[in-house]
Every structure is written in C-alpha cells, then in structure tokens.
Amino acid sequence: MHIMEGFLPPLWCAVWYIISIPVIIYGIFKIKKVTEEIPDSKTLLAVSGAFMFVLSSLKLPSVTGSCSHPTGNGLGAVLFGPAAASVLAVIVLLFQAVLLAHGGLTTLGANVFSMGIVGPFVAWAVYKGITKANISSTIAIFFAAFLGDLLTYVATSFQLALAFPDPTFTGSLVKFLGIFAITQIPLAIAEGLLTVVIWNGLKEYRSKILSKLNLFSNKESEAI
Amino acid sequence: MKFDIDYIAHNNKLSNVNTYLKIIVAISIMLVTLILDNLLLDFIVFIAMAIGILVIARISFRDYIKFLSIPIIFASMSCLLLLFFFGDGKVIFDTGIFGIVIREDSFYLATSTFCRVFACFSCLGFLTLTTPIAQILHVLGEIKVPKILIEIALLMYTTIFIFLEQLYTMRQAQETRLGYMNTRSAYRSLGYLFSNLFFKSLDKSEVMMNSLNSRGYTGQLPTYKPSKK
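Heads up: the protein sequence lines correspond to chains A and B, in order. Mapped onto my numbering, the consecutive letters of the first sequence carry residue numbers 1 to 224. Mapped onto my numbering, the consecutive letters of the second sequence carry residue numbers 1 to 229.
Incorrect hints may appear among the rest.
Said to hold, decoys possible - With a Cα cut of at most 27 Å, we get these calculated DSS-like pairs of lysine-lysine:
(1) K204/B x K212/A
(2) K30/A x K147/B
(3) K33/A x K147/B
(4) K200/B x K208/A
(5) K128/A x K203/A
(6) K200/B x K212/A
(7) K30/A x K144/B
(8) K33/A x K204/B
(9) K204/B x K208/A
(10) K203/A x K200/B
(11) K32/A x K128/A
(12) K128/A x K30/A
Said to hold, decoys possible - Covered by chain A, according to a simulated footprint, are these stretches of chain B (three or more residues, beta-carbon under 8 Å):
(13) 65-75
(14) 124-138
(15) 157-165
Don't read these hints as lab results, they were simulated from the structure. Every residue gets a Cβ at the ideal spot worked out from N, C-alpha and C, and that includes glycine.
Take the sequences, apply the hints, and build the full model.
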C-alpha cells in the first residue's frame, strides 16, 4: 500500500502528516514506558519491526499508485498496542524509502496513517474484543492480522480516492477498492495464518514475556 | 532480496559529503517540484538529479537503471489507470473496447502525475543512493528526534540483516535437500521457512541484546564519525 513518492498532491501530503504526527508522539511515549518496565521487550520490538519490514517488502505491483503486499502490522499492534506499532511503522517506512526506494518521504505521513495507525488500531481492537469474549488468543490473532491487513488497504483506497476524486469521490473509491481486493484478500489470509504460526510459537517459547505484556484471555492466563 | 542500495550508498563519490547538505538539497528540491507541479520543472529536476547521481556521485548507469526500473513499472501502471478510467471531460481518443476512452482532463492528470512522480523519485534516489542510513539516523539524532526512536531504528536495522541472513541460510539448506523440487514441496518448504524465520531471528537478536547488555549498553550506540578533510 505504499503510495509512491510524488503521487499525492502537496495538500494531501501535508494533511496526512498533520494527522499522523500526534499519534507517533504518543507512541514514542508508550514505547519508552514499555521498554523501561520490561527491558526484554526491546528485542521483541525490534524483531517485530523487522518482521513488518520483511513482510511488507514482498510487494506485487498494483495499478493504483502503490502496491500490494502483506503488512505484518497486526503482530506488532497486538504485542505492544496500536500507538507503539505506529512508531514501528514509521521506522519501517523510512527504511523502505531509503533502502529499497519503496514508498517515499513526502508520502510518509499518508503511508504511516494507513499502515501505522488504521491497520494496527483495528488489529488491536479486534484482538482485545475477541479475547474479552474469552475465545482463544489463536483465533483472535488470526482475525487481528487478517483485518489489520485488509483495513490498511481500505484506508489507502480512501486516501487515493480523496486525492483523485475523479469524477466523484465514491466512484474512484470503488475503483481503488476493487483493484486492491483482488490481490489483497488472499494475501491477508496468508498473513493471518503466518501470524497464527508465529503466535503459537511465541506462546510456547516466550510465554513469560507475553504474560508480562498482559496479552492472554483470562482462561489462558489461568492455565499458565 | 538484497540491499544493493545500501552497498551503493557506502561506495560512491558523495558518501562522505556533509549529510545535512545532501538531505537539505534533496528534500527542498523534492518539495518545490511537488508544490509547483510544473511539467518543464519536473523534467529539469529529473535531468539534474540524473547528472548528480551518474556524473558527480559516479554511480554506474546499470545500477541507476535497476534502481529506476521498479518505480517505472509501478508509476506507468498507475498512470495508465488514471488515463483510462478517470475524468469526465471531453473525449479525445476512443479505444473502441468496452467504451474505454481517454478524456482531456484524465490525460492531463495522468501526464502531470507521472512526471511529478518521476521528478520526486529522482530526488529520493539522489538521497538514498548517496547517503548511508547510519548517517541519516545520526542527523535525526542531532535534530532532537527522541533517542528511543533512534535506538529502536538501529536495532531494527541490525535485525533486518539478521532476518536476511537467516532467510538465505535456511533457503540454501532447503534447496540442497531438494526442498523446492516441485510445487507441493515448495509450498511446504516456504511454510517451514517463514514459520521458523521469526524465531531464529528472535533467538539471534536476543543473543545480540545479551552481549550488548553485558558490555554496558544503555540505549546508545556511539559511532565513530570520520573527521572532515
């Protein structure tokens, strides 16, 4: 979903920057707090960021001024909360712009909004909602990753449709959504399954840090 | 996936030029082209940046074309979409297939977007091909971006290379054991690969973190900056 450098008109670049910056600042405070309380979490933070980087570098071209790829933002969002995931997304997107020429600096604000704010927030809300209902965290993580990925693309479609409302906003929104849906739904399912595998592994080998981060549904935390 | 850009950024004639200068030049030209959105200016910027990259920084023409090839594909596909399916102005060309037409305003939109993407992209290219990421992070640190952000970024940068190394090793191991013989085994191998990749990398970076901590790591990695001649 990385919108290319220069693809958005300057007005929209500025708008998305203004919307994203407060969330990022809040995220930095959050990360500071987590790493001070649980020093072990730094590595997990870096690894889930690198995971996001590697997954979202596997891109397929899409005809919408951006491209399709898994986002990997669900995992980071569930582990550390949506605000922290948005900081990870900023770093990931900056690296991708500078290392892979993928995305861009002027469109960084817009890309952070879709991949770092909307996606993680949805993923986190879904995860919390499902675990509150005392359903196993494995099912919750699947839907969190799946919907986090999908909603990232919905947000990108909105951004593109707002920038190119031609002839009407809804008309171009439908076009962008339609194009993304073809590639994105299978990718989102694959990402969901991959995240489940990783989650099960984390539960098995790193349950200590997960319970420190307070992530299990009640039933599971009793079992541990 | 290899980071040719990272290698090029460390090995060109402009690597050691003041980072502030490069960042300011690239970003200010980028902003100007973005805001003015003028076809002639776009063209001039593209040529100027190509001269900067090829002649001044002495980056080989092959590398430059390789760098541009992916954005060319992406940008042209996107602009074809804008060209054929957008706009509601006067029809200037009728393809005759499913009533797909090129309209006056969509033609204008597509060409201006395409040129703008190209001009901005060459500015980004100038920056990324001549500036190593460590220098960019250093500048970010100096302009008072919070330390924790830089720290996570540095750790993530290392972890990305750990990921890639793991990916490479495991993939080779699988290939030597005929893991990608046919489609079925390829899918299975790819599944194993990705599910183990995360944990292998987590293990490795925990080892790295332990070794950092045992050497008195407090969240900062002081780096040596060569003095300017």
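Given pair status - K200/B, K203/A, alpha carbons within 27 Å: 15 Å, holds
Please check whether the stretch 157-165 of chain B has three or more residues whose CB lies within less than 8 Å of a CB on chain A. That given contact holds, which follows from 7 residues of the stretch 157-165 of chain B lying within Cβ reach (below 8 Å) of chain A.
Is the hinted pair K204/B and K208/A satisfied, with a Cα-Cα distance of at most 27 Å? Cα-Cα ~18 Å, so holds.
Hey, K128/A versus K203/A, does the alpha-carbon distance stay inside 27 Å? 17 Å, holds
Given the proposed pairing of K30/A with K147/B, does the C-alpha separation stay at or below 27 Å? Roughly 14 Å separates the two Cα atoms, so the pair holds.
Does K147/B sit within 27 Å of K33/A, going by the straight-line distance between their CA atoms? 13 Å, holds
Pairwise hint evaluation, K204/B against K33/A, where the allowed Cα distance is 27 Å at most: Cα-Cα ~25 Å, so holds.
The stretch 65-75 of chain B covered by chain A? Criterion: 3 or more residues, Cβ-Cβ distance below 8 Å. This one holds; 6 residues, not fewer than the three required, reach chain A with a Cβ under 8 Å.
Closer than 8 Å Cβ to Cβ for three or more residues is the test here. Does the stretch 124-138 of chain B pass it with chain A? holds (count 7)
Compare the distance between the alpha carbons of K200/B and K208/A with 27 Å, and conclude whether the hinted pair is satisfied. 18 Å, holds
Agreement of K204/B and K212/A with the hint, judged by alpha carbon distance not exceeding 27 Å: 21 Å, holds
Satisfaction of hint between K144/B and K30/A, Cα-Cα up to 27 Å: Cα-Cα ~18 Å, so holds.
Hint check: no violations occur; every hint is consistent with the structure.
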